[in-house]
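Starting from the known structure of chain A, fit chain B onto it as the hints suggest.
In the order they appear, the protein sequences are chains A and B.
If you read the first sequence in UniProt numbering, its first letter stands for residue 1, the second for the next number, and so on.
If you read the second sequence in UniProt numbering, its first letter stands for residue 1, the second for the next number, and so on.
Incorrect hints may have been included.
Same chains, same label: a pair holds when it works inside one copy or across any pair of copies.
[Claimed, not checked] The calculated lysine-lysine pairs, modelled on DSSO-like cross-linking and capped at a C-alpha distance of 30 Å, are: (1) 237 <-> 308; (2) 330 <-> 308; (3) 237 <-> 262; (4) 262 <-> 330; (5) 112 <-> 384.
None of these hints come from the bench; they were simulated from the model.
2 protein chains.
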Amino acid sequence: MADTTVYRAGTTAPVNIAVVKLRDANNDKLDRYWGKRDAKLNLPTNSSISVTLSQADLRTLTTASCSTTFTEDSLTLNGELSDISGARTQACFRELRARRAALEASDASLPKLSTMPLKIVSENNFPTAAGLASSAAGFAALVQAIANLYELPDSPSDLSLIARQGSGSACRSLFGGYVAWRMGDKEDGSDSKADLVAEASHWPSMRALILVASAAKKGVSSTSGMQQTVATSGLFKERIERIVPDNMAAMEDAIHNRNFEKFAEVSMRDSNSFHACCADTYPPIFYMNDVSRAAIRAVEAINAKAGKTVAAYTFDAGPNCVIYYLDENKGAVLGAFTETLGSTSGWRGDAGSQSGVLDETVAEILRDGVTRVIMTGVGEGPVKTDEFLIDANGQNTKR
Amino acid sequence: MADTTVYRAGTTAPVNIAVVKLRDANNDKLDRYWGKRDAKLNLPTNSSISVTLSQADLRTLTTASCSTTFTEDSLTLNGELSDISGARTQACFRELRARRAALEASDASLPKLSTMPLKIVSENNFPTAAGLASSAAGFAALVQAIANLYELPDSPSDLSLIARQGSGSACRSLFGGYVAWRMGDKEDGSDSKADLVAEASHWPSMRALILVASAAKKGVSSTSGMQQTVATSGLFKERIERIVPDNMAAMEDAIHNRNFEKFAEVSMRDSNSFHACCADTYPPIFYMNDVSRAAIRAVEAINAKAGKTVAAYTFDAGPNCVIYYLDENKGAVLGAFTETLGSTSGWRGDAGSQSGVLDETVAEILRDGVTRVIMTGVGEGPVKTDEFLIDANGQNTKR
Numbered sequence: 001m002a003d004t005t006v007y008r009a010g011t012t013a014p015v016n017i018a019v020v021k022l023r024d025a026n027n028d029k030l031d032r033y034w035g036k037r038d039a040k041l042n043l044p045t046n047s048s049i050s051v052t053l054s055q056a057d058l059r060t061l062t063t064a065s066c067s068t069t070f071t072e073d074s075l076t077l078n079g080e081l082s083d084i085s086g087a088r089t090q091a092c093f094r095e096l097r098a099r100r101a102a103l104e105a106s107d108a109s110l111p112k113l114s115t116m117p118l119k120i121v122s123e124n125n126f127p128t129a130a131g132l133a134s135s136a137a138g139f140a141a142l143v144q145a146i147a148n149l150y151e152l153p154d155s156p157s158d159l160s161l162i163a164r165q166g167s168g169s170a171c172r173s174l175f176g177g178y179v180a181w182r183m184g185d186k187e188d189g190s191d192s193k194a195d196l197v198a199e200a201s202h203w204p205s206m207r208a209l210i211l212v213a214s215a216a217k218k219g220v221s222s223t224s225g226m227q228q229t230v231a232t233s234g235l236f237k238e239r240i241e242r243i244v245p246d247n248m249a250a251m252e253d254a255i256h257n258r259n260f261e262k263f264a265e266v267s268m269r270d271s272n273s274f275h276a277c278c279a280d281t282y283p284p285i286f287y288m289n290d291v292s293r294a295a296i297r298a299v300e301a302i303n304a305k306a307g308k309t310v311a312a313y314t315f316d317a318g319p320n321c322v323i324y325y326l327d328e329n330k331g332a333v334l335g336a337f338t339e340t341l342g343s344t345s346g347w348r349g350d351a352g353s354q355s356g357v358l359d360e361t362v363a364e365i366l367r368d369g370v371t372r373v374i375m376t377g378v379g380e381g382p383v384k385t386d387e388f389l390i391d392a393n394g395q396n397t398k399r
Numbered sequence: 001m002a003d004t005t006v007y008r009a010g011t012t013a014p015v016n017i018a019v020v021k022l023r024d025a026n027n028d029k030l031d032r033y034w035g036k037r038d039a040k041l042n043l044p045t046n047s048s049i050s051v052t053l054s055q056a057d058l059r060t061l062t063t064a065s066c067s068t069t070f071t072e073d074s075l076t077l078n079g080e081l082s083d084i085s086g087a088r089t090q091a092c093f094r095e096l097r098a099r100r101a102a103l104e105a106s107d108a109s110l111p112k113l114s115t116m117p118l119k120i121v122s123e124n125n126f127p128t129a130a131g132l133a134s135s136a137a138g139f140a141a142l143v144q145a146i147a148n149l150y151e152l153p154d155s156p157s158d159l160s161l162i163a164r165q166g167s168g169s170a171c172r173s174l175f176g177g178y179v180a181w182r183m184g185d186k187e188d189g190s191d192s193k194a195d196l197v198a199e200a201s202h203w204p205s206m207r208a209l210i211l212v213a214s215a216a217k218k219g220v221s222s223t224s225g226m227q228q229t230v231a232t233s234g235l236f237k238e239r240i241e242r243i244v245p246d247n248m249a250a251m252e253d254a255i256h257n258r259n260f261e262k263f264a265e266v267s268m269r270d271s272n273s274f275h276a277c278c279a280d281t282y283p284p285i286f287y288m289n290d291v292s293r294a295a296i297r298a299v300e301a302i303n304a305k306a307g308k309t310v311a312a313y314t315f316d317a318g319p320n321c322v323i324y325y326l327d328e329n330k331g332a333v334l335g336a337f338t339e340t341l342g343s344t345s346g347w348r349g350d351a352g353s354q355s356g357v358l359d360e361t362v363a364e365i366l367r368d369g370v371t372r373v374i375m376t377g378v379g380e381g382p383v384k385t386d387e388f389l390i391d392a393n394g395q396n397t398k399r
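One chain only, chain A, in its complex shape (with noise of 0.2 Å):
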């Protein structure tokens, strides 16, 4: 008789904020552009370093399941179809598949999973219009729920080279605390991986507050349409070539001791560089704002009051600012926002309020740019769960 199970396995994924960062595009025209060795193999122009935000906040959950009784792969991002013909993903569905065939070749018991059609499921706990690096936590999550349902037998590192391919920056959100991706030097891509610097209880009092910057206020697109045109930002080079290496090597070092004015500095000056260079493309590219700018100011004023460096700011590719603090300087860093986003969505300020460290046109731009705010951690990286998205008959449990 044939095998009509469904076979199931869930995981969840984390978001990740790239502290050394990295152009990461995902399209294969601006892939060229940042040089990257190979964009078919998503490899990176540089090595970089994030933290991995607590899944408590932030979090995709992912079913995979599998079964000889659905008729083909298919992707549900969100409650919505979606397209799963491009070659990313489907680079992720073959590599997984390779691997579980492997395991079926060797032990003829188990059940031949590698052929039968996928169907995935996969909801994010926070708004996609947030601007949050959504893609990182969804094809580690995918990777990792695969994983799970096949049960192979491959560590974080070695699944994050299949990550890579799906989205680059996914590879590192499936390690939690503060990991690395390095670029690797190989044709082949196979030495392009996560690994981790620290776990998250290496450095237990880090904080994140993320000002989710209104919709209504991010101003022009952050690319102008006219890609086709595009050549090699004249600063890119020297960014990736001494830039980087410099930030990666004192990042590590301030993870691995704990420094945190030194985590700070360098995440603040990498961002610069980082958006500095977006800035460089020729149509430039502007991820941030006036908001965002103003966050930055504000961090600064912080810092000043503060008489040392207890806050820090960071911006991925979109106008949101997250600022890391360590707890003990709770009443500092969040003191400082407080009569300007006390009553923002999302406020859970407890560390009472500082008056007047905000010059007053920095309060009123976040004021009225700032829609939401995230206050969160750092965090574990996937976790298997038996919270479903897809039934024992291969139906959608939500929506």
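Coordinates of chain B only, in the frame set by chain A:
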């Protein structure tokens, strides 16, 4: 009998807008930061090229006078007595007096103007609040007016050596048309001066449209007020060593050949690179804001619509956008702005209106954020004038 004559001479001087840019802070801390060879001599980090704008629209009018009846040196700027004790103003006075003294030493019949107190009065025909580079026009006019008063035989290039010590970019306002400031390499700065790339008449159809950003929309201040902790931008070295020399050569070539597309591309790339380096300093310096970025997207849209590069943006140390274009393309350039800026102060568009070139968000940001426009062209260098701001008795004629 003592000579009680009030000797007078007057000049006008133009504004210039760099198309290959230079950080010209006139701030000793920033000067060291940006690696000037010698802050006292005001030697630049790199060569630069500017376009001199027409004095019909933007000019400084300055009268220099001297008399034994004056009690001390003085300088009145736009009706307000100005502090002249600064090293830069003193350097200009000292250098000019030395040259006059040399003339007097070789010809005893000359009145001893070099020993008399100087009285300078200066007025701009544009609001200082517009954030245009008034210090360049101001110091060029000051030096040229005193040179006229002293009847110095020095060429504009010789005088540019003096003006440079007042305000670096002022040295370029001693010429009309297209002007290079060669950084030179001598320790004493004696070869760091301006020369002519081409007269205004060489390329008579060049026009400039300046979008003046509303003070209310200026956003956060360009610097953080924490400049005591500055250190050099990691990308800046690459800019001054490789990018600027390439842009200098390409720009001179574009001007000599009246190649607008090349002129435009180098202008835009150099502006991007310059502001990228500013944003890469630590703490970052931001001159551009959301209005500036909307202006960039507008220029990109105009060029995309035209199917070729008919407009070029550039930004100095502020959010105002200067758009260069050729008169034969005014329909494509001005026409695209007519719906959005046609009722803005200063608009003199007679080029019709092209609907739908600008995206609605871009148009809205510009409508909201541009308070006035200045429509001008390329113009001449300083012009000697008998319009005096000081009367024959040594009294101010206005205010």
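Here is how each hint holds up against the structure:
| no. | hint | result |
| --- | --- | --- |
| 1 | 237 <-> 308 | between (32 Å within a copy, 28 Å between copies) |
| 2 | 330 <-> 308 | within (14 Å within a copy, 53 Å between copies) |
| 3 | 237 <-> 262 | both (24 Å within a copy, 23 Å between copies) |
| 4 | 262 <-> 330 | within (18 Å within a copy, 52 Å between copies) |
| 5 | 112 <-> 384 | within (22 Å within a copy, 92 Å between copies) |
Every hint from the earlier list agrees with this structure, and none is contradicted.
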